[in-house]
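A.B. asks: Could you build the full structure based on these sequences and the hints that come with them?
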Amino acid sequence: MSKTVKSDIEIAQNAVLKPIGSIAEQLGLEVKDWEPYGRYKAKVSANTLNKLTEKPDGNIILVTSINPTPAGEGKSTVTVGLGQALNKIGKKAVIALREPSLGPTMGLKGGAAGGGFAQVVPMEDINLHFTGDFHAITTAHNALAALLDNHIHQGNALNIDPRRIVWKRVLDLNDRALRHVVVGLGGHANGVPREDGFDITVASEIMAILCLAENIDDLKRRLSNMLIAYTYDRKPVFVRDLHVEGALTLLLKEAIHPNLVQTLENTPAFVHGGPFANIAHGCNSVLATKLGAKLGDYLITEAGFGADLGAEKFLDITTRAGHFTPSAVVIVATIRALKMHGGLTKDQLKHEDLNALKLGLDNLARHIDTIKSFGLPYIVAINHFIYDTEQEVTLVKDWCTAEKHPVALAKVWEQGGEGGKELAQLVVDTVEKNENHFKPLYDLNESIQEKIQTIVTQVYGGKNVEFSTKARKQLKTFKENGWDELPVCVAKTQYSLSDNPKLIGRPKDFTIHVRELKVSLGAGFIVVMTGNVLTMPGLPKHPAALDMDVDQEGRVLGLF
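Each residue of the sequence shown is one higher than the one before, starting from 1 at the first, in the UniProt record's numbering.
Hints may contain errors.
[What the hints assert, rightly or not] DSSO-like, lysine-lysine: derived pairs with alpha carbons at most 27 angstroms apart:
id: 1; residue 1: K235; residue 2: K470
id: 2; residue 1: K358; residue 2: K502
id: 3; residue 1: K470; residue 2: K439
id: 4; residue 1: K508; residue 2: K358
id: 5; residue 1: K91; residue 2: K397
id: 6; residue 1: K397; residue 2: K346
[Unchecked claim] Between beta-carbon pairs, the in silico distance windows are:
id: 7; residue 1: H323; residue 2: G187; range: 47 to 55 angstroms
id: 8; residue 1: Y232; residue 2: L147; range: 16 to 24 angstroms
id: 9; residue 1: K473; residue 2: Q552; range: 31 to 39 angstroms
id: 10; residue 1: Y387; residue 2: E422; range: 18 to 26 angstroms
id: 11; residue 1: K358; residue 2: A146; range: 53 to 61 angstroms
id: 12; residue 1: Q552; residue 2: D398; range: 50 to 58 angstroms
id: 13; residue 1: K541; residue 2: K439; range: 42 to 50 angstroms
id: 14; residue 1: D509; residue 2: K358; range: 17 to 25 angstroms
id: 15; residue 1: R240; residue 2: D398; range: 52 to 60 angstroms
Derived by calculation from the structure, the hints in this document are not laboratory data. For glycine and all other residues, C-beta sits at the position ideal for the given N, C-alpha and C.
C.D. replies: Set out below in C-alpha cells:
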C-alpha cells in the first residue's frame, strides 16, 4: 500500500454513488415502499415488512469484538467490508448499522460509518444530521420533559413529587456542564424549581424504544408505558397518565422508518437508530434488521463495543424483542488492541511486540467463551491495520488454529470487499456446516440479582456483585411493582471486562459494583448502572470538532 494514506472523507468524496432508487430496486422494493431524502438517502416504510411475512429470513450475522482501545477497533468497518465481500462471492448481502451520534463525532471517537474502503455513504450526511432521526428523538424526549414540568406548574393534578422525577432532558452532544442542573428558577412564572440533568440522546429510553418497536402502534404503546416520576405517596407515574403518548408518537412518525443508503461498492445498507452499548443496548433497530433479513440472503449487523456489552445485549434483549435467531457471530480482534490488553500503552501499539500480543489473547479467549455460551457458531476476524507485522498476524492465526477457532484476516479497510473474501467464505461455510443451539443466557423469571450475577460470571468472568444502598432499595421497589421479570441492560465501561476501565486483559474473580438501577418499562428492560460510567459524556482536551470545517462550495473538511 502507498505510504500516502487517504483519509476516510477523501475516499468517500471520490466514490461513485448510485441513485438511491437503484439501490431500492436492487433490493426488490417497489416505489411505494420508500421515500427519497435527496439523491442518495431514503426512508423505507416500516410497513414493508407486512408484505414480506411469507418470505423466508436470510442469515443474520452479528459482528462484535474484543474490548476496544479508546479509538475503536473497526466493527463497523468489518461489517461493511463483510457485506461487500459476500456480494463479491455471489451472495445477496444487506448491512444494518446504527446511526452515529454527534457526541463522539464532534468529540473523540469519530463517527460510525466504517472506514477506508469499507464505508457507508454519503458519510458526511450520515455522520452529521442524516435524516433527522436523532433530532426527532431529542425533541420528543424534551417535549415530554416540558409537558411534565408544565403539568406540575399548572396545578399538579397527578400529585407528582418534584424530588422523584426520573425523566431527565437530553442532548445529542457531549456536554459535561449539563449533567446536573437546576430548572425552574426565576420566580413563579418560570415553573417549579427542582434539580434536573441531561443525558446524551443515545441514552434516552425513546432511542431504545425506537430501536425495539415493531410498528407505529407498538411505538405508541411502549411510549405510553414509560415511567417518568413518582407521586408524593411514592406511586409510579407513566406517560399514559399525562395522555401525551400520541403527541410523542407524532414527533417520531418519520423517524421509525429505516434509512436506506449504500456502501462504497453499492451494497445496500440500512442505518437506523443508535443507542450506545456502554450506557444503553447498543444495537440498530429491530425493524432495520428484520427488513434487511427479508430482503437479502445475509444480513450483517453490529453491536457496539465488545461482546461483553453490545453482543450480550443483542443476544439477551434484541433477539427477544425481534423474535429472531442469529446464524453466526463474527468476533473482531485487532493486533493493536490485543497488545494493549497485553500491557502496552496506546503510544506503543504500532511497534511489534509478540510477548504482549500473546498475553492479550486472553481477552479474545474470554469473548469467544461468551459467544460459545450462547450456543452460536462464531468466526474470529483479524481486522488488519497497515502497521501490523506478518509475525504478529501469524501468531494470532496460529493461536486460533491451535485452539480450533475459525479465523480469517480481513483487509477490508485497505481493499474493500476484495480484502474480505476470505472472511466472507468462512462465514458462509460456518453457517452452512455448523449447528446452531442459540439460547439467551438467563430466563426472564429469574430475579434481577440472578440475571446480573449470570452476566457477571458467564460474560465478564467476574465473581461477585455488590449493590449500593440505593440500588438495594430500588430492587425492592421494582419487585413490589412487578417490574423484575424484564431483561437487564448493564451500563459499564467498554474498556474492561470489569467495571474498572484500567483493569485490562482478562481479569478474574473481580466484583461488579452496582450503584443504581433504572426501569425502562417502554423499552422493556432494567438499566443497571455500574462503576463510574456516565450517561452524559464530556469532550476531550482536543475535540475532533476543532479540526472540522466547510469550504465555500459546501464541501466538508476534516471529518475523519
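A.B. asks: Are any of the numbered hints broken by this structure? If so, which, sorted upward?
C.D. replies: Numbers 3, 9, in rising order.
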